Amino acid sequence: MHSFLYNRKVRDTLIQLVFFAVICFGITYLVLNAATNMRDAGLTSGFDFLFQRAGYDISYSLIHYDPKTSTHLMAWAAGMVNTIAFAVVAILLTTVMALCLAVMRLSQNFLLSKVSLCLVEYVRNVPILVHISVWYTLSLMLPSVRQAFNFGDVSFLSNRGLSIPSVEWNYGLLASLVFAALWIVLCFLVNKRVSTTGRRIISVLLMTIVLAVLASLVFTPVISFTAPKLVGFNFKHGWTLPPEFIMLIIAVSTYSAAHGSEVIRGSILAISKGQMEAGLALGVRSNIVMNKVIIPQALHSIIPPMTSIYINVLKAAALGSVVGFMDIMGTMGGSSLNITGQAIECIVIVMVSYGILNLILAAIMGRFNKAMQLKGR
Amino acid sequence: MNHQASIEKITGKPIEARAKKSTPLSFSRVVVWIKRNLFNTWLDSLVTLAIIALLCLLLPKALDWLFFSATFSGTSRADCAPGAACWIPIRQYMDYYIYGPFPESEQWRVNSAFAVGLFVFPLLFSQRIPQKWIVVYILVLPVVLWLLLKGGFIFEDISTSALGGLTLTFFLGIIAMCLSLPVAILLALGRRSQLPILRWACIGYIEIIRSVPVITFLFMASLVLQLFLPSGVSIDVLFRVLFVLIFVSAVYKAEIIRGAIQAVPKGQIEASYAMGCGYWKTMAYVVMPQALRNSVPALITNFIGLFKETTLVMILGLLEVMGAINATFHNAEWLGLHAEGPIVISAFFFIACFSIAQYGAHLERRIKRTKH
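Chains C and G, in that order, are what the protein sequence lines are.
If you're matching positions, the first sequence starts at 1 in my numbering and goes up one per residue.
If you're matching positions, the second sequence starts at 1 in my numbering and goes up one per residue.
Hints are computed from structural coordinates only; laboratory data are not their basis.
Heads up, simulated DSBU-like pairs for lysine-lysine below, C-alpha to C-alpha not over 30 Å straight-line:
(1) G:K61 to C:K114
(2) C:K292 to G:K35
(3) C:K370 to G:K266
Which residues of chain C face chain G? A partial, calculated answer using Cβ under 10 Å:
(4) I15
(5) N33
(6) A34
(7) S107
(8) Q108
(9) S113
(10) N125
(11) L129
(12) A317
(13) M329
(14) L337
(15) Y354
(16) N358
Since the structure is predicted, the reported quantities are computational estimates derived from the model, not experimental observations.
All C-beta atoms, glycine included, are put in the ideal place defined by N, C-alpha and C.
Could you build the full structure based on these sequences and the hints that come with them?
This is how it looks when you write it as structure tokens:
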């Protein structure tokens with residue numbers, strides 16, 4: 001018996017069995033508790049509530065959402081689209097600003113470098129909630145629609161938000177599908193040709209532009225813009241982004257850009273000095289060495305930490321509930337939860353939604369990382 | 001000149017220049033420095049002039065608004081000078097920001113809690129004190145803080161609603177940090193364990209928690225947790241929040257510690273096994289001392305994140321320092337002062353987090369130095 005218990009395999013199995021049993025017991029206990037509590041409160045578990053009328057308003061939604069007729073499922077979808085829209089814009093802004101701050105910091109101009117240092121250190125060391133509330137307070141000071149800041153008659157900034165020209169796609173579903181299919185086929189062909197040269201992203205971008213220009217020449221313009229116009233007390237046409245959306249984006253992207261710029265700067269400084277010296281010894285100018293030698297190498301160490309910064313940006317969408325921007329947490333985890341009382345289901349849906357978005361983002365960045373990886377000899 | 005300066009920016013000064021003794025400061029050297037660092041190319045000069053112009057324009061105004069024209073003393077709104085900052089409410093409520101609604105006769109407990117908590121930093125800094133004592137201190141710290149701030153045992157018990165302001169921020173930050181460390185160590189070990197069920201449970205837990213915003217868990221703690229408890233049992237909201245902070249931040253720490261464990265050479269672990277040490281002995285005496293030591297800078301960065309994250313409990317209605325400051329400015333008398341509150345909160349967090357970050361960077365440099 002003694003030697004049996006001291007057998008490594010037996011012991012490992014036993015430990016795992018006990019661990020598994022404890023976890024199962026814990027989960028069963030919690031679920032049973034929840035079941036009794038819900039029965040006492042007169043609630044039935046299940047996801048049927050998703051198809052009931054939601055009945056609450058969402059201040060800003062990119063898809064059609066009507067508080068009178070739309071279901072909780074539509075509310076979830078609206079929150080999801082809001083989250084994705086927020087994440088895409090904020091991630092792009094984060095990247096651009098992080099690059100600018102890092103370039104400023106590495107600049108040989110003493111003042112510029114110190115300005116960047118101050119900005120980064122201030123933004124980094126103050127909680128994001130403070131940033132959000134500061135920007136939100138600023139947004140309350142924006143002028144009324146009549147006195148809106150005018151950006152060349154195409155965009156306006158007022159207390160209603162930022163009005164920008166709307167982009168319209170002038171074709172129906174079928175024509176769009178044909179375009180998409182054509183684009184995919186052409187990308188595939190280009191991909192095959194350029195797989196040896198490596199400039200894949202640029203080729204695909206070029207391809208897209210060429211296709212769009214060609215289509216515009218042959219048919220009526222594929223994409224048209226309509227500028228917003230002041231009619232009465234509001235802007236007609238164009239798209240209006242509400243102030244809370246813009247301010248949340250600015251707050252979150254400046255905060256993450258400050259973190260990102262440190263990542264970028266660290267990665268560039270971590271490249272061995274010999275690389276720069278070797279390039280210079282070969283008679284190459286320092287900015288060319290930077291672009292062709294240092295940055296491509298730094299990119300490998302930039303992408304993984306940047307991925308986690310991007311994931312933080314995505315998760316920061318949930319902070320929108322502080323200023324009234326409704327993402328999944330605001331719709332499903334907030335209003336729907338309060339109205340239906342289906343707390344567990346709603347929270348599970350929010351967690352799964354965020355999990356899926358995270359996985360997608362991580363997968364995209366993983367692909368990108370792989371594409372940028374050094375090709376070993 | 002441009003070329004030379006940009007090379008030096010990347011490569012540092014040539015070795016002989018570094019070895020040379022610094023020559024005394026002279027006028028010509030200052031001119032050379034200015035020329036090289038501020039007016040190198042025409043673009044550089046433009047940028048420099050633009051920044052100087054902006055500073056000249058904004059700095060006097062900002063300083064005037066913040067200090068010179070600002071009102072520091074007074075009793076009511078009527079004393080505030082128009083068009084400048086008004087620091088009267090800040091001075092009036094300073095005690096409230098620091099101690100919250102903590103009973104006044106017991107405030108010495110908060111003071112000593114601050115002292116005990118902040119003593120960790122010199123302790124981590126000192127190289128004379130054996131690691132064992134530091135670990136003991138960190139283990140005992142949450143207990144002492146709990147006794148001092150929350151009471152029980154020998155001290156008078158304080159109700160959870162009496163915790164607020166900086167006291168609450170400090171309480172949540174330090175206790176969550178100390179208590180999440182052991183959880184993080186177990187998670188990190190679990191994730192690297194040979195036992196599949198244990199490993200997958202840890203991986204699942206870490207990945208799920210990492211992919212969901214903290215605020216979701218905070219809302220969950222305030223709304224859903226009650227459902228999972230047997231009827232009649234209810235946990236105070238403060239403890240629920242603390243629980244969430246511990247078990248969420250443990251995940252991020254677990255990843256840091258896992259990285260540090262992976263950096264310990266495998267040969268050492270094998271050597272330890274070959275000497276006849278078991279798993280726990282190997283981990284406790286060989287792996288962890290090195291891994292923890294190397295992860296201190298990253299853990300300090302994590303602590304800064306956690307410290308900033310404690311502001312989120314404001315959403316649940318707990319008045320930590322940011323909530324307390326905001327609350328006073330929602331007072332009818334001080335309504336309309338938009339800027340002062342955020343400035344004070346930012347200044348507080350900036351000073352606290354920046355100094356901890358500098359301290360972490362210093363530790364990191366020291367660890368790097370001793371390694372090579």
